[in-house]
Every structure is written in C-alpha cells, then in structure tokens.
Amino acid sequence: MGHMTRYKSFVLGGIFLAALLLLTGCESQGRFITKAAFKGTHDIVVTFAGPVDEAWAKDISHYRAYEKPDPDIQLEISSIALSSDRRTVTLHFEEALNQDEPHMLTMSNIMSEGKSVGTAFVRVKKLYLGVLFSVLIGAMLIHNFVFTKYLGLCVFFGTSQKRSTAVGMGVTFTIVMVASAMMSWALYQFVLKPYHLDYLQIIVFIGLVSLSVQAVDTILRKINPILFKAFGVYLVLVIANCIILAVPLILADNEYNAWESLMLAVGAGLGFLVALFLMSSARERLELANVPPTYRGLPIAFVVAGLFALAFLGFSGMSIF
Amino acid sequence: MVSTKTPAQLVFNGLLNENPIFRLALSMCPAVAISTTVMNGLMLGVAVLFVQVCSSCTIALIKDYIHPRIRIPTYTLTIATWVTVIDLVLSAYAPVAYKAMGIFIKLIVAFAIITMRLEVFASKNTVGKSFWDGIGMGLGFMFGMVTLGFFRELLGMGTLLGHDVLGFRPLLFFALPLAGFFCVGFMMAVFNYVELVFNRMKRKAG
Chain U
7 MGHMTRYKSF VLGGIFLAAL LLLTGCESQG RFITKAAFKG THDIVVTFAG PVDEAWAKDI
67 SHYRAYEKPD PDIQLEISSI ALSSDRRTVT LHFEEALNQD EPHMLTMSNI MSEGKSVGTA
127 FVRVKKLYLG VLFSVLIGAM LIHNFVFTKY LGLCVFFGTS QKRSTAVGMG VTFTIVMVAS
187 AMMSWALYQF VLKPYHLDYL QIIVFIGLVS LSVQAVDTIL RKINPILFKA FGVYLVLVIA
247 NCIILAVPLI LADNEYNAWE SLMLAVGAGL GFLVALFLMS SARERLELAN VPPTYRGLPI
307 AFVVAGLFAL AFLGFSGMSI F
Chain H
2 MVSTKTPAQL VFNGLLNENP IFRLALSMCP AVAISTTVMN GLMLGVAVLF VQVCSSCTIA
62 LIKDYIHPRI RIPTYTLTIA TWVTVIDLVL SAYAPVAYKA MGIFIKLIVA FAIITMRLEV
122 FASKNTVGKS FWDGIGMGLG FMFGMVTLGF FRELLGMGTL LGHDVLGFRP LLFFALPLAG
182 FFCVGFMMAV FNYVELVFNR MKRKAG
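Chains as they are written, first to last, in our numbering: chain U, 7 to 327; chain H, 2 to 207.
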C-alpha cells in the first residue's frame, strides 16, 4: 500500500513538473525555427531547422523586434552574425535587452537554399523556472532582508545568541511568513485592488499578520503540543518583525504573481534563517572572546553584523539566468 | 503604575534616560538603514513623532473601553491607522523624501518602540501625560536618528543638510547604508563608556 502511494506521488509530481515545463521556454509559430533565446545582455540567438541563405540572413531589414508590451517601439539591431553551418543567427542589439519582458521577433520571407519558407513570428522569453529561481535566490542572498535591506533587526539581535534558538526562530518565521504572504497576496489581488482600497493595505496586512500568527499559535497548541513547546515562544516575536510586514508590501508594490510571491516569501524566510544561523555561530564564539567591557553585548554584535553585511555586499549585482 | 513625573521630566526621560535607539535598543532597522543623512533622519523622526503622539493620545483616551485580552490588536490597529495618515500625507506633500525613505514609512507600524510605549505608559496614564511621553519618545528617536545622520553625513559625504562643510570626503564608507551597523555599534559603545565612567566616579565619591 505504501509502495502504491509513493508511486502515485511520483506520477503526480512528474505530471506537475511536465506541466510546469510546458509553461516555460520559447513558443515559436514558425515551424522552420527550432529555438530562439536570449544570450548575454545584448543578443538574441535564433536556431533554424535548415541552413539559411547568407544574403538573406545578413540583411537587417528582414528582422523586426520589439518588447511585448509596446509593439510601437522597434528595437535597433546593430549587427548580425551567421554561424559556419548557416543554421544559427545571432542578432546583436544596440541597447541592452530588458529580459524580464518577452520579446517578439518577426523574420520576413526566410530564404533557405534559394527557396522561401515564409515569414516567422517568434516569442523570446526567459525560462519561467529560471525567473522563479532567481526570485528565490534574490530574496535569500542578493537582497537578503537582514544584511542588505536592514529589516527585522530587533528580532535578529534578540534571538541570535544561541544557535538552537536561532534555528527555531528561523524555521517558525519561514512558516508564518509563507502563510501570511500568500494570504495577503490573495487579499490584495482579489479584494483590495479591484475595489480600489489600496490605501488600506497597511491596516489590512498588519491585521492579517496578527491573525495568522494567532491562528498558527492556536492550531499548533491543539495539534502538536510538543512542537508548540519548542516553537511557541517565537510566535509572539514574529509579529514584532518588520520583514513579515515588508514582504506583503513589496508583493503589492511589484505586482508579483502567485508563484513569484511564494518564491519571494520562501526566500525571505530562508534568508532570515541563514542570517540568524551565521550570526548565532559567530556570537557563540564571541562569548569566549575577550571583548572590551564597553563593547560587550549589543555593540560588538552590531559590528559583527556590519562585517557580515560587508560580505553580503559581494552578492550585489549578481544575476542568475 | 501611574506616572508622577512632570511634562519636562517626561520629555527628558525619552531624550536621554530611555532613549529608544541607544538605551532601549528598539527600532534598530531605521537607525541602520535611513540615518545616512541628517535630512532623512529628521523626516523619519517627524513621522515617528507624529505617530507616537497621536496613538498615545488615542489609546489614553479609550483605555477604559479596551478589553485587556484584545489590547495588543487594538494598539496595532490604532498605530496602523495613524501610519496610513502620515503615509498618505507624506506621499502627497513630500514625494522626494517619501521616496528616499521607501518602505520604512509604512513599516513604522512594526516599530517596537511605539507599541511598547502604548503598553507601558499610555494605557495607564492620562491623555496629557501620554501626550508628553509621546513627545519625549518621538524626540528621543529623532535625536538618535539625527545624531547618527550627523556623523554619517559629515564623515561620509563631508556635508551637513546638503551643504558642503568640510570640502572633501573623509570616509566614503560611512555613506554606505551598511555602515549603519558600525555606527550604531560605536554609538552604543560610547553610551556604555559614559555610563561606566559615571558609575566609577559615583563609587569613588560614595
């Protein structure tokens, strides 16, 4: 029986993954084009099913490219390179491409070995899984909420004295974070925005956060008293953490969709966990160090956090995919 | 516990003895992130002062009607209401400063100092006393922010309130947002040192 359920969950997982993959990648309406993708910051690479004529490929007037939301603005192509097997064309654009938006590329009257194979419209966009992954890593490391956005510091310094406390707080925080961020995302997208109640977002979000913390508290107390004993004390602290309010506000500002919101919430929680873990490891060592009396306690912790923040500065500007 | 302090004592208490940033070590996030210039510190200080005074007075007015079990949600909603007011006012009348402070204006809701003052002071005292306590705490926060901003702007950019004072930039590092960690750490150490010396002197005298 256990074997069957595991098998079932594998199949379900497979179908889910396949569905996700189908949502991603480039859609091409011209059958002659096998692949179109961004390369670097300025280039789009198009792969054809067969060799194309050099005279056709090198003529800029055959290509038209624009960003999906504004078809009136033509993107200027500065040079075109054809591979030696004449199957791959690299279009170099004058300005850097905004890869967050899908691009439409039109290639008129494609000539292959003297014959015309028609006109092709191609949609070029980043892999969606890649976008999600970069949102996750971005929230966790590149824009770490503690070390590069300076949020949630009260709780951060309060609970990073012991490693076990730090991990407990981080885990509790991540769970509450995901739950409350998803609820506030749904409430904002389906209630506040359609009825033009945006100006109520602060009141609604803080109410929702308190409610979800209270709900997790009650449910955990009834269902799993052992877990409650371990993590219950941190629940109260979660409300006092500004990250838990900052994430819904960021989601509302940036108009993220459901998947991206989930990834941002998970990333924010994990980033907080990472920060707490690093800091508590350092502070456990500090207990044994000979710190000048004026610096004992919080002052030295602040300086250590500053050093961590300097290290996290190294992640800035990093881009994935 | 009903406070017997005079208004002047209440204000002084918030400024020095119980300074929210350096003594109580509450609301550290804006102290690190926003205090890059004197102007930013001043603006956020004004916003916090407004929210603190208004919510203190509101809670002191309605304290007899709040059921003790729902007092924390009541405090939070009161603060959220006043933060919404200042958020809308600032975005309409001071858009540049509003943009510089970013998300932090909205996050005043989560600043521990305001909730703590409501719980410790406003829910037990008269409207007048709560007003002066709110003024003291708000000014204390502003004082902390402006002090940090003074050193960071002077050392980082060589300017004060945008005017060139030094004519050169001593340490650009202090203008970086992350230098706030170091600055707050150093300031706390200075406060600790003063306390240490003070205690030593008292022991010698006594």
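Just to be clear, a hint being listed does not mean it is correct.
What the hints assert, rightly or not - Calculated Cβ distances over 10 Å to all of chain H for the following chain U residues:
no. : residue
1   : Asp-65
2   : Ala-126
3   : Ala-311
As the list claims (entries may be wrong) - Quick look at which bits of chain U chain H covers, simulated, 3 or more residues with Cβ under 8 Å:
no. : segment
4   : 38–46
5   : 75–86
6   : 143–157
Since the hints were derived computationally from the structure, they do not count as laboratory data.
Note that the Cβ used here is the ideal one computed from N, Cα and C, for glycine as well.
Hint by hint, here is what the structure shows:
{"no.": "1", "hint": "Asp-65", "result": "46 Å, holds"}
{"no.": "2", "hint": "Ala-126", "result": "44 Å, holds"}
{"no.": "3", "hint": "Ala-311", "result": "5 Å, violated"}
{"no.": "4", "hint": "38–46", "result": "violated (count 0)"}
{"no.": "5", "hint": "75–86", "result": "violated (count 0)"}
{"no.": "6", "hint": "143–157", "result": "holds (count 5)"}
The structure shown violates the earlier hints numbered 3, 4 and 5.
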